[in-house]
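We have chain W already, so just place chain L on it with the hints.
Residue numbers (UniProt numbering), protein chains in the order written: chain W, 1 to 225; chain L, 1 to 225.
Bear in mind the hints are in silico, worked out from the structure with no lab data behind them.
Bear in mind that the values here come from a model prediction, so they are computed numbers and not experimental data.
Heads up, some of the hints might be wrong.
Pairs count within a copy or across copies, as identical chains cannot be separated in the list.
[Stated by the list, open to error] Listed below are the simulated SDA-like cross-link pairs for lysine to any residue, each with C-alpha atoms no more than 20 Å apart in a straight line:
no., residue 1, residue 2
1, K147, A107
2, K139, N53
3, K62, I142
4, K26, D215
5, K212, G104
6, K212, D32
7, K62, K139
8, K41, R10
9, K64, D215
10, K62, D195
11, K139, G63
12, K73, I85
13, K90, N79
14, K73, E83
15, K49, S86
Number of protein chains: 2
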Amino acid sequence: MAISNRVNQRTVLLLISLIQSGGRDKPISLSDLAEFTGIPKPTLVRWFKEAENGGYVIRAVKGKRHHFIVSAKGLALLNGVCELISSGEKPIERIAGEVFTGLGEGAYYMSLEGYRREFLKHLGYEPFKGTLNLRIISKSAIYSVIKWIEKVRPVIVPGFTESGRTFGSVRIYPVRLNGELCHAIFPERRHYNADVIEVISKDNLRRKLNLKDGDIVTVDLLSWD
Amino acid sequence: MAISNRVNQRTVLLLISLIQSGGRDKPISLSDLAEFTGIPKPTLVRWFKEAENGGYVIRAVKGKRHHFIVSAKGLALLNGVCELISSGEKPIERIAGEVFTGLGEGAYYMSLEGYRREFLKHLGYEPFKGTLNLRIISKSAIYSVIKWIEKVRPVIVPGFTESGRTFGSVRIYPVRLNGELCHAIFPERRHYNADVIEVISKDNLRRKLNLKDGDIVTVDLLSWD
Chain W
1 MAISNRVNQR TVLLLISLIQ SGGRDKPISL SDLAEFTGIP KPTLVRWFKE AENGGYVIRA
61 VKGKRHHFIV SAKGLALLNG VCELISSGEK PIERIAGEVF TGLGEGAYYM SLEGYRREFL
121 KHLGYEPFKG TLNLRIISKS AIYSVIKWIE KVRPVIVPGF TESGRTFGSV RIYPVRLNGE
181 LCHAIFPERR HYNADVIEVI SKDNLRRKLN LKDGDIVTVD LLSWD
Chain L
1 MAISNRVNQR TVLLLISLIQ SGGRDKPISL SDLAEFTGIP KPTLVRWFKE AENGGYVIRA
61 VKGKRHHFIV SAKGLALLNG VCELISSGEK PIERIAGEVF TGLGEGAYYM SLEGYRREFL
121 KHLGYEPFKG TLNLRIISKS AIYSVIKWIE KVRPVIVPGF TESGRTFGSV RIYPVRLNGE
181 LCHAIFPERR HYNADVIEVI SKDNLRRKLN LKDGDIVTVD LLSWD
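Bound-form chain W, shown alone (with noise of 0.2 Å):
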């Protein structure tokens, strides 16, 4: 996802630079561009140099002002990065979380048939017999999970009686980890408290988004589509 070349980041930076002084349509000068941004002159003709070799800026010079049009290409280097940008869903909110290993609980009731069997019809999937669980770090990140679970309405999926013993009810909810879509488990009866979410999802997240105990991890508390 990275853009690998740094001259071309460069180049995304101050293309923007020149959009917001109103350089979409129109031509800008250094001095303007320098005074609009605060961005020191010989910086930015630098950057300059660098956009115009590519071909993403044109240069006309009148008298001693250099003028800077955004390109055909340039403007073509900036939707891409557009689309980068509104690619997926817009989520409600985005929160931190931080990845650590639970009790084994999770695993625990991702492997009773009676789970299993309700999770793939509400959900189209097997669960991975396994819970990531996150713990959330600040305190309004934890009101905002809060304010989700009242907005969104859960899918709830029915607890059932398994060898005379009964299992609750689940609620779950749809969450993006680093923009993998997956589900975030609540179950009626509860071990943890609110500030720790469960995930689950048809694959091994640690595997599949290469985590460990301590990292930090982008959730994006969705709604269903």
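Relative to the frame of chain W, chain L by itself:
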């Protein structure tokens, strides 16, 4: 059009840097961002402080490492910038032109009833009685114009006879001047060389776009969608 607030401008640059470094959906550490972008750490620290105060990034501290996540509000800010970038159709090519005062022939022809009637019929407006003349500054831009004229099929306003005098046909192409949609005309009998574009519009473009001789303008070479 310009985003007036410099803090927001810097925040946009920071968020774009994060996204280019792969941080759309994943937390990025300050060190990684500095390495990816080549932006000095102290600069990033200042930018992050501003962005965090505005709620555009989420900071998660883990030991000595600071991780940053683009917040939902940050994504919304970027989507606003992207709307600005992708507004209007994409030009085939962009060039720079310099405004100059012609010999007044354009004004003469544009005042002829024969042409006025035909322009109204073909373009849907009676043109302002004058043309805006643009000198194309670079050789590569002249080449772009020649390729554009070869590629795009013109609207042709036929010639006519008035008071025993014959007037030639005119080829018309759509252009955008500093973001303003208008038309370039290429009369069959032309007094200018390939380095000049004559532009017409229903408005007085000099007044509307606040242009004077010597001003540099952005010319988008368009096609008839």
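Here's how the hints hold up against the structure:
no. : hint        : verdict
1   : K147 / A107 : neither (28 Å within a copy, 65 Å between copies)
2   : K139 / N53  : between (48 Å within a copy, 16 Å between copies)
3   : K62 / I142  : between (57 Å within a copy, 18 Å between copies)
4   : K26 / D215  : between (45 Å within a copy, 11 Å between copies)
5   : K212 / G104 : within (16 Å within a copy, 75 Å between copies)
6   : K212 / D32  : between (48 Å within a copy, 18 Å between copies)
7   : K62 / K139  : between (56 Å within a copy, 16 Å between copies)
8   : K41 / R10   : both (15 Å within a copy, 16 Å between copies)
9   : K64 / D215  : between (53 Å within a copy, 13 Å between copies)
10  : K62 / D195  : between (61 Å within a copy, 16 Å between copies)
11  : K139 / G63  : between (58 Å within a copy, 18 Å between copies)
12  : K73 / I85   : both (19 Å within a copy, 13 Å between copies)
13  : K90 / N79   : both (18 Å within a copy, 10 Å between copies)
14  : K73 / E83   : both (15 Å within a copy, 18 Å between copies)
15  : K49 / S86   : neither (29 Å within a copy, 25 Å between copies)
Violation of the numbered hints given earlier is confined to hints 1, 15; the remaining hints are satisfied by the structure.
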